[in-house]
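Colleague: Sequence:
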Amino acid sequence: TVLDKVNLEIEPGELFFLLGPSGCGKTTLLRHIAGFYTPDEGEVHIDGDNVTHVPPHKRDTGMVFQSYALWPHLTVTENVAFGLQMRKVSKVKINERVRKALKTVKMEKYATSKPNQLSGGQQQRIALARALVVEPRCLLLDEPLSNLDAKLRLEMRVEIRRICKEAGLTAVYVTHDQKEALSIADRIAIMRNGIIEQIGSPVEIYRKPKNTFTASFIGETNFLPADFFGSKFNPGSAKHLSIRPEAIHIEGGDTFPDSLSFEGNLYGTVYLGESAQHLMDVVTPDGKSVTITIFQLNPQVLVREESRKVTARVNLKDIVALPE
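Quick note: the sequence shown, position 283, residue 283 per our numbering, numbers continuous.
Do not take every clue at face value.
Derived DSS-like pairs (lysine-lysine); straight-line CA-CA distance at most 27 Å [said to hold, decoys possible]: (1) Lys-109 with Lys-58; (2) Lys-100 with Lys-114; (3) Lys-309 with Lys-288; (4) Lys-109 with Lys-88; (5) Lys-114 with Lys-239; (6) Lys-106 with Lys-93; (7) Lys-106 with Lys-208; (8) Lys-208 with Lys-58; (9) Lys-5 with Lys-317; (10) Lys-210 with Lys-239; (11) Lys-100 with Lys-210; (12) Lys-151 with Lys-88; (13) Lys-317 with Lys-179; (14) Lys-109 with Lys-93; (15) Lys-88 with Lys-114; (16) Lys-91 with Lys-103; (17) Lys-165 with Lys-151.
The set of hints was computed from the structure by calculation and includes no laboratory data. Here the structure is a predicted model, which is why all the values come from computation and not from measurement.
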């Protein structure tokens, strides 16, 4: 993917995510930072140093690959020590730093094991230890959890954030998993077609998307025409309104002083235990029918009627006006 005038500054100690669909340029950007690619224009700086034409092994970065890239014939200790050996670090220092890295990722007791004796989650921890042991100025992670099952991904999310924060590491993390980014990141850059659409904290990205792409890519949302609420809501020059499904409350739920109501036909209820998902048909000012989704948390009563007319409410703070 061709990067288009990407301008990005990552703060020291920040856990920064590059998030976007396949082919958006996030991995290309990470590889430019790592030194695997050289930009046709522009520069890459790490800790104030211009490293644009510095080879990868001299950039003082640590890389965690999607495939782990562990040597199958080497033990855990030998895999973790490899980068230090290439840097001609003394054996005493190597032993000390390898022990520290394995302790950080809670893998000390597997020091003499081979990669094929480890689970996927354990292999990921070793790959992380190998990147940490060189004490990099910047840690780079390329979709490190994509090969793990759902339970292990949840566990490793917590571990990666803990490790990065305890070590005070600056980290750049590539993923297409929205939940992964929202749960770990300090800040997120949303990418599409080689450009950065928006940068912000997880809360900013989710609650205040700048356009319909970001709003629809992060989580689920409902799009309504800007004039849906008529004179009750001033959208300015916006063309669309974005309202998250969980922000819409059907009759009998909580009410808010700063809220707007609208009517529609509720149908297609799916009960999920802790929540229920409803489909609702509403009519726009120009007479068009639009289907929206509503997430009802902790439903007390389940009604599976084919269709019923209901009143729904949404807090003004949960309505986002979007220009495009």
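Colleague: Lys-109 and Lys-93 were given as a pair; does the straight-line alpha-carbon distance stay at or below 27 Å?
Modeller: holds, 20 Å
Colleague: Holds or violated: Lys-114 and Lys-239, Cα atoms, limit 27 Å.
Modeller: violated, 58 Å
Colleague: Regarding the pair Lys-109 and Lys-58, is the alpha-carbon distance no greater than 27 Å?
Modeller: violated, 31 Å
Colleague: Straight-line Cα separation of Lys-5 and Lys-317 no greater than 27 Å?
Modeller: violated, 33 Å
Colleague: Given the hinted pair Lys-151 and Lys-88, is their Cα-Cα distance within 27 Å?
Modeller: Violated - the C-alpha atoms of Lys-88 and Lys-151 are around 39 Å apart, more than 27 Å.
Colleague: Does Lys-114 sit within 27 Å of Lys-100, going by the straight-line distance between their CA atoms?
Modeller: Within the cut-off at roughly 19 Å; holds.
Colleague: Hey, Lys-208 versus Lys-58, does the alpha-carbon distance stay inside 27 Å?
Modeller: Not satisfied, since the Cα-Cα distance of roughly 39 Å exceeds 27 Å.
Colleague: For the pair we were handed, Lys-91 and Lys-103, check the Cα-Cα distance against 27 Å.
Modeller: Distance of about 18 Å is within 27 Å: holds.
Colleague: Within 27 Å, alpha carbon to alpha carbon, are Lys-100 and Lys-210?
Modeller: Since the Cα atoms of Lys-100 and Lys-210 sit roughly 43 Å apart, the hinted pair is violated (cutoff 27 Å).
Colleague: Checking one constraint from the list: CA of Lys-309 to CA of Lys-288, max 27 Å. Satisfied?
Modeller: Given that 27 Å is the threshold and the Cα spacing comes to 17 Å, the pair holds.
Colleague: Do the alpha carbons of Lys-106 and Lys-208 lie within 27 Å of each other, as the hint requires?
Modeller: violated, 38 Å
Colleague: Against the 27 Å threshold, does the CA-CA distance of Lys-88 and Lys-114 hold or violate the hint?
Modeller: Answer holds: Lys-88 to Lys-114 is near 24 Å, not above 27 Å.
Checked against the numbered hints listed earlier, the structure breaks hints 1, 5, 7, 8, 9, 11, 12; every other hint is satisfied.
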